[in-house]
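Heads up: the protein sequence lines correspond to chains A and B, in order.
Mapped onto the numbering used here, the consecutive letters of the first sequence carry residue numbers 1 to 257.
Mapped onto the numbering used here, the consecutive letters of the second sequence carry residue numbers 1 to 316.
Check each hint, because a few of them may be wrong.
Every beta carbon over 10 angstroms from chain B, so not counted as near; a handful from chain A, in silico [what the hints assert, rightly or not]:
(1) L130
(2) E171
(3) I180
(4) P193
(5) I237
(6) A245
Below, computed lysine-lysine pairings styled on DSS-like, alpha-carbon distance capped at 27 angstroms [said to hold, decoys possible]:
(7) B:K77 x A:K88
(8) A:K53 x A:K255
(9) A:K88 x A:K24
(10) A:K89 x A:K24
(11) B:K77 x A:K255
(12) A:K255 x A:K89
(13) A:K89 x B:K77
Derived coverage of chain A by chain B (criterion: at least 3 residues anywhere in the stretch with Cβ under 8 angstroms from a Cβ of chain B; other residues may be distant) [as the list claims (entries may be wrong)]:
(14) 13 to 22
(15) 195 to 208
No lab work stands behind these hints: they were computed from the structure.
Please read these numbers as outputs of a predicted model, since none were measured by experiment.
In this text, a Cβ means the ideal position worked out from N, Cα and C, and glycines have one as well.
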Amino acid sequence: MTTVPVAGARETLTLTRRSLLHLKTNPEEIIELVVQPIVIVLLFTFVFGGAIKGDWRDYLQFALPGMLVQATLFATMRLGTALGTDFKKGVYDRFRSLPIARFSPLTGAILGEMVRYLLSIVVLLIVGALLGFRIQTGAVETVAAVVVLLCFGFAMSWGSALLGLTVRAAESASEFAFLIILPLAFTGNLFVPTDTMPGWLQVWVNVNPVTSVADTMRGLLLGGEVARPLMWSAVWIAALTAVFAPLAIRRFRQKSG
Amino acid sequence: MTYAIRAENLGKQYGSTRALDGVSFTARPGQVLGVLGPNGAGKTTAVRVLATLTRPDRGSAHVGGHDVVRQARQVRKVIGLTGQYAAVDEIITGFDNLLVIGRLLGLSREEARRRATELLEQFGLTDAARRAAGTYSGGMRRKLDLAASLIGRPQVLFLDEPTTGLDPAARDGLWEVIRGLVADGTTVLLTTQYLEEADQLADHIVVFDHGRVIAEGSPYELKTKIGGQVLEVWPVDERDRETVATIISEIAQCPATVEDRRVTVPVVEPGVLRAVVLRLDLADVAVAELALRRPSLDEVFLTLTGHRAAAAARSS
Numbered sequence: 001m002t003t004v005p006v007a008g009a010r011e012t013l014t015l016t017r018r019s020l021l022h023l024k025t026n027p028e029e030i031i032e033l034v035v036q037p038i039v040i041v042l043l044f045t046f047v048f049g050g051a052i053k054g055d056w057r058d059y060l061q062f063a064l065p066g067m068l069v070q071a072t073l074f075a076t077m078r079l080g081t082a083l084g085t086d087f088k089k090g091v092y093d094r095f096r097s098l099p100i101a102r103f104s105p106l107t108g109a110i111l112g113e114m115v116r117y118l119l120s121i122v123v124l125l126i127v128g129a130l131l132g133f134r135i136q137t138g139a140v141e142t143v144a145a146v147v148v149l150l151c152f153g154f155a156m157s158w159g160s161a162l163l164g165l166t167v168r169a170a171e172s173a174s175e176f177a178f179l180i181i182l183p184l185a186f187t188g189n190l191f192v193p194t195d196t197m198p199g200w201l202q203v204w205v206n207v208n209p210v211t212s213v214a215d216t217m218r219g220l221l222l223g224g225e226v227a228r229p230l231m232w233s234a235v236w237i238a239a240l241t242a243v244f245a246p247l248a249i250r251r252f253r254q255k256s257g
Numbered sequence: 001m002t003y004a005i006r007a008e009n010l011g012k013q014y015g016s017t018r019a020l021d022g023v024s025f026t027a028r029p030g031q032v033l034g035v036l037g038p039n040g041a042g043k044t045t046a047v048r049v050l051a052t053l054t055r056p057d058r059g060s061a062h063v064g065g066h067d068v069v070r071q072a073r074q075v076r077k078v079i080g081l082t083g084q085y086a087a088v089d090e091i092i093t094g095f096d097n098l099l100v101i102g103r104l105l106g107l108s109r110e111e112a113r114r115r116a117t118e119l120l121e122q123f124g125l126t127d128a129a130r131r132a133a134g135t136y137s138g139g140m141r142r143k144l145d146l147a148a149s150l151i152g153r154p155q156v157l158f159l160d161e162p163t164t165g166l167d168p169a170a171r172d173g174l175w176e177v178i179r180g181l182v183a184d185g186t187t188v189l190l191t192t193q194y195l196e197e198a199d200q201l202a203d204h205i206v207v208f209d210h211g212r213v214i215a216e217g218s219p220y221e222l223k224t225k226i227g228g229q230v231l232e233v234w235p236v237d238e239r240d241r242e243t244v245a246t247i248i249s250e251i252a253q254c255p256a257t258v259e260d261r262r263v264t265v266p267v268v269e270p271g272v273l274r275a276v277v278l279r280l281d282l283a284d285v286a287v288a289e290l291a292l293r294r295p296s297l298d299e300v301f302l303t304l305t306g307h308r309a310a311a312a313a314r315s316s
């Protein structure tokens, strides 16, 4: 039947919309997606900025690309909790009792997350601009930077999905995710230049995927080297997706067996 | 199509637990089939198999003439599911919940809106339509859940313990709604632990225990099946209960049960009534009420399984 993929796409969009309806009635989400990144920008810029770069303006220019990565990374935690809750509450049983494409609840949820990441990124760029962050390149590079961030968020969200579909209690998914994501975000060069860290740590910082993505952001938004960090980002995004997506899909299949 | 639901020799095992151990039953179109049994009897597993959520290990089942395993999609087009295992999204509003389901069922935006508005009104939820479903009371949530399962105008509706945990007023409200659906010709499969609920709503009852069907029939047939009647005596003075119990036990040749002020004993021979009246009079016991009636489903269940439905439910 040729109508099935089309219907599947429509069902996915309906479920994306359902995911986004949560923004309307759940103010906590706005806090997570919008207020939290703003608080981090303000804290880091004005508290640590001077200490790290001598002047908070220089620090903002250095750190905002990293903060974009951090905000996207933190936003990926939500998916696992959302999927876990839907399974636990029986919402997925309801969906599965309907004549819809089997994976549309999963694809719809992921698309809904991508819209959230975009929202978070745009808010950060605006707040950054208000504080004095200046993009040194053009519109094409800026759009490219946003696309890379979304791809990174996409790759990480499969990990979040896997976690949410695996842990027993949906709420603990975000706690586990936090334990993984927090060290990941801080052992990259998102907030602090690599050369201020001890040698053994620099070895890890240089292979950490968030460093590659942050370097790509700096290259695309501030000018400088793009090709190498972009290549490594692409490798990481592909590798993370290749590992987590099949595992998450398998868990989803098992749970909706 | 003769049967709206037909299950044949269904089996499902979870680890070492036989949730379903060769279950067969049928429901005709427009019928209300009550599946009665304590917790853990296999009722929910049966519903999950029929609603295409769980594959049976053996046996087969047809809903609306479609095989639940091989033609799951066709089955999903004709069913609605409400109960323990189908739920609403608590974060979004009641209206949005129904809207999403309508769109997933292929209704246009306009149709989905109209249907959602219509059902919210039918269930008395119009005032709460724009509130997050998580703020609803238990009864309201069940109603919203039921409304969600009705959007596609299902031919066959599965209600898995629809009133468990509701207060009596909310329960009565839901019963009214279910009666209305039945009047419209929907086939309903209702699982319940409450004998009263099956008695009130079902045309035909199958009794589950440990994954098997241990009895079936109309409520009347089931009550008749275990034979005989029940003699019930309410003495005016509570202190006479023991005397009454002794007398009627002796006459019926069966131990009597004392419950609150009421003393009951199963009787096979209706002629005992005269003897009972005579003996109670001789013993100078004033009687407030004396009746010979068919046993309640609770008593039927006790006779069939050797344990009480409610007690079994509480202990598990």
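Consistency of the hints with the structure:
1. L130: holds (31 angstroms)
2. E171: holds (14 angstroms)
3. I180: At about 25 angstroms from chain B, I180 of chain A clears the 10 angstroms cut-off, so the statement holds.
4. P193: Holds, since 41 angstroms exceeds 10 angstroms.
5. I237: holds (30 angstroms)
6. A245: Nearest chain B Cβ is 24 angstroms from A245 of chain A, so the label holds.
7. B:K77 x A:K88: holds (24 angstroms)
8. A:K53 x A:K255: The hint is violated at about 50 angstroms.
9. A:K88 x A:K24: OK: K88 of chain A and K24 of chain A at ~22 angstroms, within 27 angstroms.
10. A:K89 x A:K24: holds (20 angstroms)
11. B:K77 x A:K255: Distance ~22 angstroms between K77 of chain B and K255 of chain A Cα, so the pair holds.
12. A:K255 x A:K89: Judged against 27 angstroms, a Cα distance of about 13 angstroms means the pair holds.
13. A:K89 x B:K77: Holds: K89 of chain A and K77 of chain B sit about 23 angstroms apart, inside 27 angstroms.
14. 13 to 22: Result for this restraint: holds, n = 6.
15. 195 to 208: Answer violated; 0 residues pass the 8 angstroms Cβ test.
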